[in-house]
Structures are given as C-alpha cells and as structure tokens.
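Construct the entire structure; sequences and hints are all you get.
Heads up: the sequence shown is residues 0 to 290, going by numbering that gives the first Met the number 0.
Treat the hints with care, as some may be off.
[Claimed, not checked] Simulated crosslink set (DMTMM-like; lysine to aspartate or glutamate; CA at most 25 Å straight-line): (1) LYS98 / GLU83; (2) LYS224 / GLU206; (3) LYS212 / ASP269; (4) LYS65 / ASP42.
Honestly, the hints are just simulated from the structure, not real lab data.
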Amino acid sequence: MQIQWYPGHMTKAKRMLEETIPQIDVVLEVRDARVPLSSFNPDIEPIVSRRARIVLLNKADLGDPKANKQWVAHFARQGIPAIEYVATRRGSAKVVLDKIQQAAKARVDKLREKGVSKTIRVMVVGIPNVGKSTLINNLSGGGKAKTANRPGVTRGKQWIRVTPYLELLDTPGLLWPKFEDPLAGRNLAFIGSIRDEITDVYALCLELLGFLKEAAPALLTARYKLGEDDLILENDALLERICQKRGFILSGGRLDIDRGVAMVMDEFRDGKIGRITIERPQKDGDTGAQI
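Encoded structure:
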C-alpha cells in the first residue's frame, strides 16, 4: 500500500525548525516505541544532529518490553540516550527532566564559565500523533499544549516554561514528502499517525491482520477467540471470521465489515490486542530494523 500525507503546513514547520535550532540546547525526539525507525522523520536529521539529542520511546506500554530494551541499547550504541516513556507512569516526568539536564550540562557549564546564566531550551520534535503535546503537558504539570488523539493538531510554535531555567518548544508533527520505504508509510498508518481518511482503511486492516498472523499469532487468537485453523485463512476471510466472533451482523445476516475494520484498527492502536512492536533493531547493531 502506497501512502502519502504531507499537508502544506509541514513545509513551514520544517523551515521553522531550521530557523530555531540555533536557540536550542537539547533536541527531544519523541518516537513511537512500536516503530522507532518509521516514527522518525529522516528529513530533519541534518537539523537535529547539530544539538545534543535524547530519544524518547513514547507509548512504551504498547510495545513489547523486550523490544523496548533492545531499542534503548541500540540508540546507546549510537551515543544517543533513550528513555522508555509512559505518560501515566508515576515519576516518568522526572526521568525525562533529569536526562535533559544531563544532556545540556556541557553546554550550560561552558556558558557559566563565561558568566552567562543559561535557560535550557529544549525542542520537542516528532511525527503527527506521536504524543509530543501530551509529553509537554506532563513535564510542565498542566494542559499548556494542544492535544488530541489524531494527527495534525499542533500547527504553530509554542514555547512552554517548565521551570525558571527550562523551556520547551512544542513543534508541529512533521512527516516527509515521500516515503522511500513503503513499509514506513504502512507502519505509520498502522499506529494512526496518518489519517484514516486518506488511506484505504479496509486494505490497511487486512495488511495489519497479515502482520499479526506472522508476528503475534498467540495474541491475535486470544483476543478474538480464534482457532489455529483460522490463522491459515486469507486476510479478508480472517476479518470476516472476527466479525462473526464479535457478532457484527447487519440486517439480512450480512457481516458489518466496516465495524470490524474500525474495531481491529482501534484495538491494535490502543494495545488491546497486546504489547506488539512492529520494528526491532538488527541483532548486529546495524541501523536497520527487522519487521
């Protein structure tokens, strides 16, 4: 499935990042723990690489725990600190703030030697619907950044003061004009970072079921009370079987396929099928991923 979604405001947002990076001490990259590679925009690599970086693996409670740790180790090998992050987990904000202080220390100390009192400025970047604004609200202790469970909410530049010595810059979610790897677009659509309205959500659901049959058959069968024989069904027939199991029947005995599609997509995105990581780092520490 070929997927593209690049609203006009994203061009302006990228330009804003380029203009603002000289003011920034630390870049906090918010990625989805289930797709840490696909959820990073390669177009901004030349921008964010100019500053100290932290990778925040958001929604870590939706990813496989073992895979989460593998990704933290993967980024550590690249010299980039990474954090497993769950917004609702107690103490999660302090872990992030401490890591920011550590990342900014060299730059702040250098300025202090010159007698300059420095406010740490952190740029928060990420793709649409990856959880940037929710993170900022957690760190700042209030609803200061716009949030919604859909992509494309934050459109402008928002500075949020967390402490007298720390400011966060919330930025719009940025995708890139063309996905070189079609799996990247598919993965982002799986997790909801691309609007369902611009995808063939039925075809997407069938692809997701095909992935789950291979990657998480036990979780899939347990969630929808399927038998092992159901896993050999074609994806469209498997979707019909799930609709039957859930009693999604319209008048005349027809299956309510649209309801089944919506349910499977929502339950995967909400972690109700289970903790499933789509991308895993290569065992040899390469920058690629096993999907």
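Evaluation of the provided hints:
1. LYS98 / GLU83: holds (12 Å)
2. LYS224 / GLU206: holds (20 Å)
3. LYS212 / ASP269: holds (18 Å)
4. LYS65 / ASP42: violated (29 Å)
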